[in-house]
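Can you make the complete structure from the sequences, with help from the hints?
Under my numbering, the letters of the sequence shown match residues 370 to 476, in that order.
If you are wondering where the hints come from, they were derived from the structure by calculation, not from laboratory data. Don't take each hint at face value.
With a straight-line cut-off of 30 Å between C-alpha atoms, the simulated DSSO-like cross-links for lysine-lysine are [said to hold, decoys possible]: (1) 461 / 423; (2) 425 / 475; (3) 424 / 475; (4) 426 / 475; (5) 475 / 423; (6) 475 / 461.
This one's a predicted model, so the numbers in the text were calculated from it and none came from an experiment.
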Amino acid sequence: TVEEAVLPWELQPISSLDAIPAGIWPIAEHLSLFLARDLGLFTRLCRILYEVIKKKKQNMPKLTQPSDGAILEGHLERIIEEILCPAFSIMKSAPGLTSEMWRLIKE
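Now the structure itself:
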């Protein structure tokens, strides 16, 4: 039954914007390519991760030019490279979704 199901991860409340990628990673990894079947969830993930990257860029000192490696680290980079890009490659064409993905990668 559903009540007795054991999840392969333990969900924890996310208390900060920086903790979002680590909180999303187990679920995204579990969904993997099946994320391509849920366009709404895919779009939400793109928008959330876009905001995380934007906030990280804003919080970096103005004197230093952040490299992509400084912002895209750990779970954030893995979600984009190992989950979103492969799932995006097998989706049917959707201009709005393409725009969201491009905005995320461009940031």
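Tested hints:
1. Straight-line distance between C-alpha atoms of residue 461 and residue 423 comes to about 28 Å, which keeps the hinted pair within the 30 Å bound.
2. Our distance criterion of 30 Å between C-alpha atoms is met by residue 425 and residue 475, whose separation comes to about 14 Å.
3. Of the supplied pair hints, the one linking residue 424 and residue 475 holds, its CA atoms being roughly 15 Å apart against a limit of 30 Å.
4. Distance check on the hinted pair: residue 426 and residue 475 sit about 13 Å apart at the alpha-carbon level, within 30 Å; holds.
5. Between residue 475 and residue 423, the direct Cα distance comes to roughly 11 Å. Compliance with the 30 Å bound is thereby established for this hinted pair.
6. With a C-alpha separation of about 21 Å, the suggested pairing of residue 475 with residue 461 holds against the 30 Å cut-off.
Taken one by one, the earlier hints all hold for this structure without exception.
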